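**Student:** Given next are the chains, with one letter for each unit.
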Amino acid sequence: MIPSAFDYVRAESLAHALELLNAHGDSAKLLAGGHSLLPLMKLRLATPDVLVDIGRLSELSYVRDGGDHLAIGALSSHDDLARSRLVAAELPVLAHVAGQIGDPQVRHRGTIGGSMAHGDAASDLPALVLALGGTLVMSGPGETRVVEAAKFHLGFLETALAPDEILTEIRLPKMGANGWGFEKLTKRAQDWAIVGAVAVRLNGSGSVGVSLINVGSVPVRASAVEAAVAGGASPAEAAAQADAGLEVVGDVNASESFRRHLSRVLVRRALEQALA
Amino acid sequence: MRVTLTINGTETSHDVEARTLLVHYIRDAAGLKGTNIGCDTTSCGACTVLLDGRSVKSCTVLAAQADGAEVTTIEGMAAADGTMHPVQRAFQEHHGLQCGYCTPGMVMAITSLLAERGDAELTEADIRLGLEGNLCRCTGYHNIVEAAMAAARAPELRS
Numbered sequence: 069m070i071p072s073a074f075d076y077v078r079a080e081s082l083a084h085a086l087e088l089l090n091a092h093g094d095s096a097k098l099l100a101g102g103h104s105l106l107p108l109m110k111l112r113l114a115t116p117d118v119l120v121d122i123g124r125l126s127e128l129s130y131v132r133d134g135g136d137h138l139a140i141g142a143l144s145s146h147d148d149l150a151r152s153r154l155v156a157a158e159l160p161v162l163a164h165v166a167g168q169i170g171d172p173q174v175r176h177r178g179t180i181g182g183s184m185a186h187g188d189a190a191s192d193l194p195a196l197v198l199a200l201g202g203t204l205v206m207s208g209p210g211e212t213r214v215v216e217a218a219k220f221h222l223g224f225l226e227t228a229l230a231p232d233e234i235l236t237e238i239r240l241p242k243m244g245a246n247g248w249g250f251e252k253l254t255k256r257a258q259d260w261a262i263v264g265a266v267a268v269r270l271n272g273s274g275s276v277g278v279s280l281i282n283v284g285s286v287p288v289r290a291s292a293v294e295a296a297v298a299g300g301a302s303p304a305e306a307a308a309q310a311d312a313g314l315e316v317v318g319d320v321n322a323s324e325s326f327r328r329h330l331s332r333v334l335v336r337r338a339l340e341q342a343l344a
Numbered sequence: 003m004r005v006t007l008t009i010n011g012t013e014t015s016h017d018v019e020a021r022t023l024l025v026h027y028i029r030d031a032a033g034l035k036g037t038n039i040g041c042d043t044t045s046c047g048a049c050t051v052l053l054d055g056r057s058v059k060s061c062t063v064l065a066a067q068a069d070g071a072e073v074t075t076i077e078g079m080a081a082a083d084g085t086m087h088p089v090q091r092a093f094q095e096h097h098g099l100q101c102g103y104c105t106p107g108m109v110m111a112i113t114s115l116l117a118e119r120g121d122a123e124l125t126e127a128d129i130r131l132g133l134e135g136n137l138c139r140c141t142g143y144h145n146i147v148e149a150a151m152a153a154a155r156a157p158e159l160r161s
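Chains A and B, in that order, are what the protein sequence lines are. Going by the numbering used here, the first residue of the first sequence is number 69, and it counts up by one from there. Going by the numbering used here, the first residue of the second sequence is number 3, and it counts up by one from there.
Treat the hints as calculated values from the structure; they're not laboratory data. Keep in mind that a hint or two might mislead.
[As the list claims (entries may be wrong)] Just so you have them, the derived chain B footprint on chain A, three or more residues with Cβ under 8 Å:
1) 72 to 79
2) 90 to 103
3) 209 to 223
4) 287 to 294
[Said to hold, decoys possible] Listed next, with one range per pair, are the computed distances between beta-carbon atoms:
5) S291/A - Q94/B: 53 to 61 Å
6) S95/A - T6/B: 21 to 29 Å
7) D121/B - D117/A: 42 to 50 Å
8) E95/B - D117/A: 46 to 54 Å
9) R160/B - S302/A: 44 to 52 Å
10) H97/B - L113/A: 38 to 46 Å
11) P160/A - R160/B: 55 to 63 Å
12) E211/A - E77/B: 47 to 55 Å
13) R132/A - G33/B: 43 to 51 Å
14) M3/B - K219/A: 47 to 55 Å
Computed from a predicted model, the values in this text were never measured in an experiment. We treat Cβ as the ideally placed atom computed from N, Cα and C, and that holds for glycine.
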């Protein structure tokens, strides 16, 4: 399968990439690892006129200690995050989740920024960033914007990023030894989750962040579960609310009712680990 | 556009369309047919090569993205005198293949896995997980995993 023809430009710096986006507008797409975009292009579901390759911008590949948070460069690969000592020490749930994405070859190429910007509800990292209450740093022609994860995913493959903006950094609170759980059901090891669940014990208040992968058009927080835990419910009682109030879709992989069932089961398991 | 790669230590440079996939560059521009195309959808791993030393599925990388990089394919594994690489030898000794279609990708994926292990000992579970990106439709994986275990013990590949 061959993508339709396009012009390829390699950005030499973040500023250069922003210039290119500004010049080409809607007809350009950013290319990082390419593991979401190239499959879509090969299927001709995406047909950009210009690809702006930011994959070599090493200035966007880092994990830094930001004090109370980790600042993660958007071009950090899943493999980088799975192997980072800083991530392992300060946010082990991220190392674990990143290390379970796809397969080793995919993890060598795929990036956290690409996963966030692609905005697929079936991807694991957007749901984790949501559960953690992370923030996203976006550079554009004007001021740099910082957006909460909860306001980033707007609809099916649609995010708060404007066509002339680049996601540069993801900030995630350090969790140290806080409990966490991550559960996903896949048909084969390398597949996207049919449904997945993240539960993380948050700092300070003793509350938990709970989110769901691949139940609807965007990654979602299981707010009813979070409220139930805050109100003293057991993991099993709280998890019974996992799909409450959520719009859940059925597709070729799972019916709506199966996804609702999986949501409750996987949230219970993730909560039991997070609160153990 | 001009794309220049060092494949198996030899520099190669060709004018290709921007949309040329790395696997097509390797097979059609450079003429190295050892890298197979299986699913063409980032699933099966038959097209796995090393890009700057790390395994990638070359059906999901543009040749342009790899411009200037070092690529290793199955043709680059044996020594110049024909002596097989320890991973290749392990596949032969443990009969790690039947039809052989997935084999080049398996060898490259295992080579990357062993290079990345550091000083860690790999268990059978580690190897099975490490090969989750490579599908074989013949063997049921048993002898492939045996071969990978044997290669992991090869003194030349110990760090």
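**Student:** Go through the numbered hints given earlier and state which of them the structure violates, listing their numbers in rising order.
**Tutor:** 3, 4, 11, 14
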